[in-house]
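If you're matching them up, the sequences are chains A, B and C in order.
One point on numbering: in this note's numbering, the residue at position 152 of the first sequence is 152, and numbering is uninterrupted.
One point on numbering: in this note's numbering, the residue at position 107 of the second sequence is 469, and numbering is uninterrupted.
One point on numbering: in this note's numbering, the residue at position 182 of the third sequence is 837, and numbering is uninterrupted.
Just so you know, these hints were derived from the structure itself, not from any lab.
All of these numbers come straight from a predicted model, not from anything done at the bench.
For each residue, glycine too, the CB sits at the ideal point set by N, CA and C.
Residues on chain B that point at chain A, a partial pick, calculated with CB under 7 Å:
1) L396
2) A451
3) A455
4) L457
5) I458
6) Y465
7) L466
8) N469
9) D628
10) A629
11) I636
Away from chain A, derived, C-beta distances all over 12 Å, residues of chain C:
12) K664
13) Q687
14) P694
Chain by chain, the residues:
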Amino acid sequence: MKSLLQKKSTRNNLITYGAVIVFYAVFQTLATTGSLKSLYKGLLVPICAYVILAVSLNLTVGILGELSLGHAGFMCIGAYSSVIFSLATHETIKSDFLRFLLALIIGGVCAAIFGIIIGVPILRLSGDYLAIVTLAFGEIIKNICNVLYIGYDSNGFQVGIKDSSVQLAEDGKMILKGAMGASDIPKDSTFTIGIILVLITLFVVFNFVDSRAGRAVMSIRDNRIAAQSTGINITKYKLLAFTISSFFAGIAGTLYAHNYSILTTKKYDYNTSIAILVFVVLGGMGNIRGSIIAALILTVLPEILRGFSEYRMLIYSVVLIAMMIYNSSPKLQGIKEKYSIKRILDAKKRAKALGENEKEAE
Amino acid sequence: MSFISYLISGISLGSIYAIIALGYTMVYGIAKMLNFAHGDIIMVGGYAVFTIGITCGMNKWIAMLVGVVVCTVLGIVIEKVAYKPLRGASSLAVLITAIGVSYLLQNLALLIFGSNPKSFTSVVSVPMIKLANGELTITGETIVTIIVCIIIMVVLTLFINKTKAGRAMLAVSEDKGAAQLMGVNVNGTIALTFAIGSALAAVAGILLCSAYPQIIPTTGAMPGIKAFTAAVFGGIGSIPGALIGGIILGVIESLGQAYISSQLADAIVFSVLIIVLLVKPTGIFGKKINEKV
Amino acid sequence: MSMALLETKNLGISFGGLKAVSDFNLTIEKGQLYGLIGPNGAGKTTIFNLLTGVYKPTEGMAELDGEVITGKSPVEICKHGVARTFQNIRLFKDLTVLDNVKVGLHNNYKYSLLDGIFRTPKYFKTEKAMNEKALELLKVFDLDNEAQFLAANLPYGKQRKLEIARALATEPKLLLLDEPAAGMNPNETQELMDNIRFIRDEFDMTILLIEHDMRLVSGICEEVTVLNFGQVLAQGETAQVLNDPAVIKAYIGE
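Please construct the entire structure, taking both the sequences and the accompanying hints into account.
This is the structure we're talking about:
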């Protein structure tokens with residue numbers, strides 16, 4: 001019976017990988033044959049980035065059960081660190097692919113390091129306080145990126161928080177210009193790379209969830225006190241989930257930033273954090289495949305429906321409220337405990353299986 | 363002299379934070395939820411006064427009254443429609459819903475009023491005071507804000523300690539179940555709390571838009587979050603805590619803006635929030651809450 | 656006397672000046688089945704919380720197998736060999752029955768994060784061993800054919816049993832059961848008594864349990880301690896203690 005179950009979760013994951021690959025094959029063909037409008041073509045890389053963001057945030061919100069309102073902050077760190085790297089090495093590293101590979105690693109690792117630095121102190125908190133602190137960190141990161149001036153010349157790098165504090169020699173070049181951000185970024189992101197990154201993210205997250213560490217994380221979500229009495233190190237596993245989540249947010253930030261020639265903090269603010277949260281909530285907390293579908297639909301839909309974009313955020317907010325009340329209201333579901341579709345489906349299966357068992361016994 | 367003037371504008375800004383923080387602290391104390399949309403009620407109050415007083419050209423007192431009534435009703439409606447069905451649900455669900463409400467209000471305002479700032483005419487007609495041979499000026503808005511804040515604090519403290527409804531609030535915040543058994547109308551008390559909190563938010567909105575005379579759909583968002591910081595700083599659930607937390611935060615922001623960097627002012631305020639939550643999550647006057655095992 | 660597995664000396668805790676438990680002395684021998692009884696609010700669960708590190712005692716200490724455990728964190732105490740169940744059941748409700756037990760096995764069956772992500776042979780080997788061990792434990796409680804269902808959907812009595820299975824999975828020396836029979840019907844209680852005896856005999860377990868069901872206490876506990884208002888009222892052989900007039904008075908009142 002158990003082997004059947006394992007096959008089932010593996011099969012589910014394979015279906016998800018397969019769907020991503022089919023999606024890639026279809027749209028890559030459409031794009032190369034020119035049957036895809038350039039408007040949609042431009043969406044392909046952002047879709048990949050948003051899928052990665054949604055899947056990685058689902059790790060924090062759905063699997064760990066803590067609300068992060070600063071996911072865009074980690075995306076921002078990934079974007080800025082990798083763009084600085086790409087601009088600084090634009091002339092020295094000739095291979096676009098190699099440079100972008102390194103940029104991705106730098107973006108992800110920088111975001112993960114910040115995840116650890118931030119996570120160590122704040123993960124002692126939980127619930128509302130943790131949510132508000134992640135929001136605060138996201139805003140601080142954005143604020144700092146907004147005032148950063150970075151340039152380099154033959155004498156090396158210079159960093160400052162004022163225009164005047166970076167004085168470059170004749171051969172110098174500015175990389176970041178405060179609120180103006182960076183420009184002339186090499187557009188290294190492609191749909192193919194984006195899809196590969198989506199698959200890597202899925203691979204890591206799926207396998208993480210279905211492992212010893214993933215179980216520990218979910219046990220903390222379900223009952224913190226029971227988890228520690230069962231010998232689970234709460235801080236360690238919270239930090240682990242949070243760090244992996246930050247790492248992929250950094251990867252997504254790198255991918256997203258290298259799709260445009262200009263980088264400012266505008267796309268990495270609180271609104272983006274909320275948009276990603278909407279993907280996760282709409283797709284179902286803890287449901288990775290749902291996150292992917294929600295991210296895809298909610299990125300494409302506003303572009304298809306003209307004039308809809310004005311109402312986009314309005315509809316997001318209504319969706320958020322309606323979904324939460326529908327899914328979590330103790331009154332709507334009769335009993336508080338039986339709130340989730342997952343549980344109801346499982347109860348049905350259980351009743352069916354046990355009913356059959358009883359028949360066998362007879 | 364410039365230091366004193368920054369200090370005074372900090373206290374004035376802090377007084378506004380304190381009034382907003384009161385709403386947060388009361389709702390958190392009684393409904394045990396972080397009402398993320400509280401800041402946006404400030405914005406609604408601002409727009410209501412703007413529409414009645416400036417677009418329709420009515421008397422400013424009528425405009426302010428309408429603003430307060432609109433926010434009070436809005437607060438009660440939000441509680442009934444969005445939060446009440448979730449009573450007893452996980453705090454994650456309630457918080458996400460509150461974020462949804464906050465977004466809904468902001469985007470409704472965006473559709474109705476557009477993203478361009480509307481210029482707001484100050485409702486204050488108190489003249490400014492010049493001190494120290496004109497080196498130090500205190501605006502009428504600053505004076506009114508501080509006085510209003512003090513009046514609200516005193517009246518609210520009296521209300522909670524001396525009236526039946528106020529004591530019912532205290533009872534519900536201590537133990538909802540026990541209060542219900544003792545005959546307290548819990549639903550009514552929670553609705554009243556939202557009503558008072560939202561009315562205060564309207565007052566804060568009017569003062570905020572008078573001091574910084576323009577209004578956009580996100581006007582309430584940042585002050586809202588900062589006021590929450592103030593409420594946490596002072597200790598969630600504590601009225602004097604909200605006052606002291608608000609003023610300290612306002613002063614930090616004002617001085618940070620003046621002496622460190624105006625662009626980093628928000629970052630400084632948020633750093634304070636993080637430090638407070640890490641060092642003393644219960645705030646200055648807060649009580650420790652333990653989960654029963 | 657070196658056979659004592661658990662020994663507490665003047666253990667106590669006060670909350671804001673109010674003494675919830677004071678001068679609590681208890682010695683449990685290896686392999687004993689020991690009962691902790693007393694009226695509601697006597698401080699029984701508080702003692703479990705002190706022994707598992709959920710609360711830090713304000714006075715006294717507790718030793719497990721000669722090592723001081725008081726002051727340690729719940730995780731460390733679990734690793735030292737104390738496992739417990741909860742009065743108000745605390746399962747991992749959105750995990751399967753099997754995974755609930757596998758969380759209990761966490762510290763005894765290890766592979767690294769990278770083994771897990773890259774699915775190395777070690778991952779498969781360890782997971783297989785974990786599944787076998789978990790099913791073996793579930794079988795004790797007749798839960799093995801419900802392994803793949805969510806814990807939330809088990810009926811109440813089975814949830815209590817699953818909690819015991821999860822606690823056993825941590826391979827404890829001392830098992831603390833907080834009202835294991837609460838909410839069970841007489842049949843289920845009878846089954847549970849058999850289960851508890853079986854665990855003691857089969858796993859060489861030492862068990863301390865809190866219970867209100869006197870049939871269960873007198874049926875399986877060799878010794879009991881009666882707690883009243885945070886203090887020990889009586890201690891000794893079960894039959895003797897339960898007939899003590901002072902104990903009867905504490906239960907029934909004047």
